[in-house]
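**Q** Single-letter residue listing:
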Amino acid sequence: MPFAAKLGRLGSRLQDPEWRRYGILLAAGKAVGLTLVFAVILLAASILGGGSAHADDPKFTGNDIVNPINTFWTLLGAFLVFGMQAGFTLLEAGFCRSRETVNVLMECIFDTCLCGLCFWAFGFAFMFGHGNGFIGMGDGKGHNWWILHNAPATYESTGVAFLAFWLFQYAFADTCSTITSGAMIGRTAWLGDIFYSLGVSGFIYPIVGHWAWGPDGFLATMGSASTDGSWHFLPTLGNSFHDFAGSTVVHTIGGVIALAGAIALGPRLGRKFKRDGGGPMLPHDLVVGAVGGLILWFGWYGFNPGSTLSAMDFQGIGRVAANTTLAACAGGMTAMFYGFPQTKKWDLGFTVNGFLAGLVAITCPCYWVSPLGAVLLGGVAGVIVVMGINLMEWLRIDDPIGAVPVHGMCGIWGTWSLGLFACGHFGASGPNGADNSAPLTGLFYGGGVGLLEAQIIGNVTIVLATFLIAIIMMKALMAAKVLRVSAAGELEGLDLHEHGIPAYPEFQMVPSATAHGASGSHGDAPSKAAV
Amino acid sequence: MPFAAKLGRLGSRLQDPEWRRYGILLAAGKAVGLTLVFAVILLAASILGGGSAHADDPKFTGNDIVNPINTFWTLLGAFLVFGMQAGFTLLEAGFCRSRETVNVLMECIFDTCLCGLCFWAFGFAFMFGHGNGFIGMGDGKGHNWWILHNAPATYESTGVAFLAFWLFQYAFADTCSTITSGAMIGRTAWLGDIFYSLGVSGFIYPIVGHWAWGPDGFLATMGSASTDGSWHFLPTLGNSFHDFAGSTVVHTIGGVIALAGAIALGPRLGRKFKRDGGGPMLPHDLVVGAVGGLILWFGWYGFNPGSTLSAMDFQGIGRVAANTTLAACAGGMTAMFYGFPQTKKWDLGFTVNGFLAGLVAITCPCYWVSPLGAVLLGGVAGVIVVMGINLMEWLRIDDPIGAVPVHGMCGIWGTWSLGLFACGHFGASGPNGADNSAPLTGLFYGGGVGLLEAQIIGNVTIVLATFLIAIIMMKALMAAKVLRVSAAGELEGLDLHEHGIPAYPEFQMVPSATAHGASGSHGDAPSKAAV
Amino acid sequence: MPFAAKLGRLGSRLQDPEWRRYGILLAAGKAVGLTLVFAVILLAASILGGGSAHADDPKFTGNDIVNPINTFWTLLGAFLVFGMQAGFTLLEAGFCRSRETVNVLMECIFDTCLCGLCFWAFGFAFMFGHGNGFIGMGDGKGHNWWILHNAPATYESTGVAFLAFWLFQYAFADTCSTITSGAMIGRTAWLGDIFYSLGVSGFIYPIVGHWAWGPDGFLATMGSASTDGSWHFLPTLGNSFHDFAGSTVVHTIGGVIALAGAIALGPRLGRKFKRDGGGPMLPHDLVVGAVGGLILWFGWYGFNPGSTLSAMDFQGIGRVAANTTLAACAGGMTAMFYGFPQTKKWDLGFTVNGFLAGLVAITCPCYWVSPLGAVLLGGVAGVIVVMGINLMEWLRIDDPIGAVPVHGMCGIWGTWSLGLFACGHFGASGPNGADNSAPLTGLFYGGGVGLLEAQIIGNVTIVLATFLIAIIMMKALMAAKVLRVSAAGELEGLDLHEHGIPAYPEFQMVPSATAHGASGSHGDAPSKAAV
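Residue numbers (my numbering), protein chains in the order written: chain A, 1 to 531; chain B, 1 to 531; chain C, 1 to 531.
It is worth saying that the hints were derived from the structure and are not from the lab. The C-beta atom is built at its ideal place from N, Cα and C for all residues, glycine as well. Don't take every hint at face value.
[What the hints assert, rightly or not] Some chain A residues near chain B, calculated using beta-carbon distances under 7 angstroms:
1) 58
2) 86
3) 106
4) 117
5) 139
6) 166
7) 231
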């Protein structure tokens, strides 16, 4: 009997009093049942929930509760990463000479302000917008997200409030930009600083960063065939490029631009390298420098665990935080011991550089390795950073804070190390929790060389492209005579020359500090720290 | 047929075996149905929830989950705002002369302790209790909340744990109190410090603050007719006074008391003003001062976003955090460029003051403006603060840290700016999320002058009342000869005179620093920062 | 009629078309009913939840939402406690002499790295593993948790991710280890530092800590009869030992080892005590020292509130945070006033020590006392710490930073004070909220001496055992000639001797600072702070 006919028969039967009674009984039963269902649900909620959930409470169980928690988590991460600016400022200020300290302070603060305005005006749209594999342009549907206009309420599928995600990513961009300045201390003119900072914050970081972290960046989509006709890079590679919290995107980019800057500028006046009978210029306040390092470590707890963008992945955030810690501990330890034979002293600069090296290295693989892997790869980073400092000295490149060894070299190592140490248990973080259905496995855990290949290809692509762009920009600024301060200004000291005030107007400095910083008379320990 | 009769017929029918069978069948169906409903719910929970929700888990969906999340958020805010004390201490210490540094440290710490005890003993009850439009007195039902006795479990309708809310508000009170001390550095006797701090922390801040933030404060209820017979201020105005996180309540009050203190005290011995051929006394440690500013910025992420008291309003906290950042960036930038022609130097003091000015200004409107609005009003604040510093110099008022321009003037600007920039999309935050049904709209967004009027009336009322009370208190303390240290003590230096120890016992200071701080020989850049 | 017969009759009736129709009608009704139930649930969720919960949202209501929130809370605690390292480093560096400052920096950093590796390798397993009353050994089922292998997903019944809990506890272990170093500043050889740090971080802290905080520690199970045949300590006592966040476990242990270290080492060369006509060596940078103290206070908001391991206990975290604040405020205040008559100066060292004393004291009882109790017991701690500093001076024990009075003595006072001030309303924190069914009540609140007894027994047991082990270790290291640096090295200064660089290479120090620190010529105020 077709359904229409049944309905018809039901209609005619409802004329029949007997049938009508059955119908009424059924409806009444329904009502009683529904009431019972809700009563039991409410009773359960009020008993089990400790009695504080009243019947008229709004109920939150899905995105309505998950999005606030994940936004909260992301904002904590953003705050901590922003806090790293205090750490960078102290680290750079402590490890430079007193005569260039105010310049360091101004640079860090100015950069933070400039980067915020750039990232608001267009940087974020370039980096995290849809567009093509090379640059983002807003939502890809006609809104370019410049000055954050027409942005949606939440970012993509994260469920995180758009402006919270923006703040988190701004703090990252600011970090990249500050790293660069570390290698250019003491001889960069203020105008040059303004120009190159604009280039880094506004263009190089967001655009190159898009390749790896943009929704359609060509390194993010690398390794698989395109399903929508767009171009994919190396579609048969089988693995895409992974960088959890930015060993490549933040640290390698920052370190490589720093290298280009240091090369273009040349060394500070009076800087003699080791093989010419000199050595690094001494830092001027190790308390400030060392505490800056510790504050950076503290801020890294926003950098890495925050990068899940999800507290619902609670195993993930715990693992990332623990791995971050262990890599730092191992890096500080190996750098201290590895550096000891060189000077027969327990060197503070090496040790601070060592734990920062561990932190930079674990930044890419932190989600996918085991604690043992974190200890091993962090320990290797501590050795690399000491070797890297020596290499820079040998190459006669003046990197006052060691930005290139720490961020550049250990950023590269950390990115590659994922291909070795990914332990095969962890896949991807998501708003509702982890999705470990497609875990990453590195060479040492039986995963073969596929992941390592993808990591090397992605990292080397970014290293080469960034260096090329950066060296052209820096050389052009040198050619335009805006990048390097005049020799007279440098001899007067950047602080007096550009900012009209010394950092410590009431303190008596030793005479040797006047022109070139204190001589390395207390041994040749290359006590520098990195940014 | 009436329901009673139906029930009677049902009763008699249940005697009939045939009808009984139908009844049993119906009841069995009900049971199967209920079982199915619960089975599906549990299955869904365990599948979708990743399998970790067991059948015997307590269920949290309403206030039982929202209150912990919002309390957690409020506590994070409280911790960050408390952390601002480290920032204030560094900023004030770095920008004062070395000879008054220990005094600054002691003042900040003592104030933090005193304010805690006052706010516990009665301050909180005055400010956040029910009472009348002018002062709070506990719950308004006979419990005065002194020493927090008889306080309820959660504060009003926020759902936030009472003691967590108390801590958050204590951290705000402490901020206001510390702001005041910034303009009184270098010549305030310790006893005077104790007395005026007691006045500020225990009475002026909580009582004046009640007017705007108390549950029945007369500026909070301003603009609408009373429904319960109580007196309302300007009941036909149509708008009440809004101050999201305290441009008026914390910063203007603090800045205005600071002004009264600086006027009552007069300048430090040896302070010559610009139009008398002198200039500001130089700071003594710019690293310490600049990093203090950055730590304040960091702490502001508790101040403004925390003031939602709700992480459930996740769009709101993201917007407030981003607006806070952008106003700071814009303020630092405009202050640096606007101050440049004055000295032809890129001045650190102006720049630090500039981003603090942006932060103070955005504190009131942060919830209701767009990112573009934040950039614009923050940028204006950066100009105001430089003009304000020059104005204070011209008025011959010695404000060593610039507390009046930054907190007083930019607090006023920020409060008024809401009437201009409120963008018409956002209403009020609440425990379960935003309620944007009655959005605020400022003059520039087509809202007319109504909101601007209310903001000016509320702000000016507080400025005038606070200044009047504060100048009476300060003048009375001067008259009683407890506010200003003796000339001999001031010449010896407050540190040795009051605290028996210099800040840097092992460092050699330049001779010129002994009595009056270093002379401004490095140009007349007024490098000061604000608290 | 038995159920089987009914089923049989139902089967035969379904042959009957009339009965079949009823059956179909019933089934259709069921389907309609179920649909209605789900429609109403979804509608309610989408209306009440602000429309953001879609029908296909996963639903989170039990452990699936509670565990992420509590893990998030625990991680925030871990980050803040880790941040205390910056505070300790500044406090120790500021209050020591300049010549031993680099050594202090290195010690704090090295310790942080070493402690991380030890706690990863075996320390955590010793402390938080199952085993017996004296030492833990992993899960007690054959997995020893060394290098965290085979650890479960969450720790015990907390629901907190295992690695998040590990990080939180690592930060605590690191604190204990750093406390120890405070009393040993200025004369400990670097090798000695390595060895004793290994002993403290790897063995003493985790093993003694297990007694109170391990799942089966003998002080945790003290006072009740065993139900599983295992040995219980004082099974008839009636109360177990309570230490909410570690007045005993972290601070007393740290302070007692510090005492053993200071006794074994003897005073620094040139240190003359008060009754021999001398006094404490002066600190060298009070800004650094005081801000270090404030950063410690900030970090304490992770230490105490974080120790609930649960944000769901939202009344609890609010109360703990407020109590922590009030005890610090009271301690700073009483120490300042109590210390005044001694020197007729408002002493910064006493005041910083005072609020730290309040923080140490409230660490044990913070969950169980009222705000009034917190003020009282914190205030007492501020007096104890001043008396303790004087006592150490009289005993001729050189504790440069006051680690023993602050952490040792006030840790003891805080632990005992629970037996006096527990207010009788609060029981235990748990993942889903508080369980106040068995509240703790102290002597002053009518609870008799039972709790006080248990606290004294537990605390004294740990004090005696720790001192015994520590003095043996320290004396053995002295006998092996690795603990104390050579006299020549000490006179050269630890920084140059062990680390090859002074802390301030460009600053001119006063001549008196060269060998023994600045003389106490600015009065005999014993301005020291504690770690």
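**Q** Return the status of the interface hint for residue 86 (chain A): holds when the least beta-carbon distance to chain B is below 7 angstroms, violated otherwise.
**A** 4 angstroms, holds
**Q** Against chain B, run the beta carbon of residue 139 (chain A) and see if the smallest gap drops under 7 angstroms.
**A** Violated - the Cβ of residue 139 (chain A) stays beyond 7 angstroms from chain B, reaching only about 17 angstroms at its closest.
**Q** Taking the closest Cβ pair, is residue 58 (chain A) under 7 angstroms from chain B?
**A** 5 angstroms, holds
**Q** With chain B as the partner, please determine if residue 117 (chain A) meets the hint condition of a C-beta pair closer than 7 angstroms.
**A** Hint on residue 117 (chain A): holds, closest Cβ of chain B at ~5 angstroms, below 7 angstroms.
**Q** Could you check if residue 106 (chain A) really has its C-beta closer than 7 angstroms to a C-beta on chain B?
**A** 5 angstroms, holds
**Q** Have a go at the residue 166 (chain A) hint: is there a Cβ in chain B nearer than 7 angstroms to its own Cβ?
**A** 6 angstroms, holds
**Q** For the hint on residue 231 (chain A), does the least C-beta distance to chain B fall short of 7 angstroms?
**A** 34 angstroms, violated
Comparing the model with each numbered hint stated earlier shows that hints 5 and 7 do not hold.
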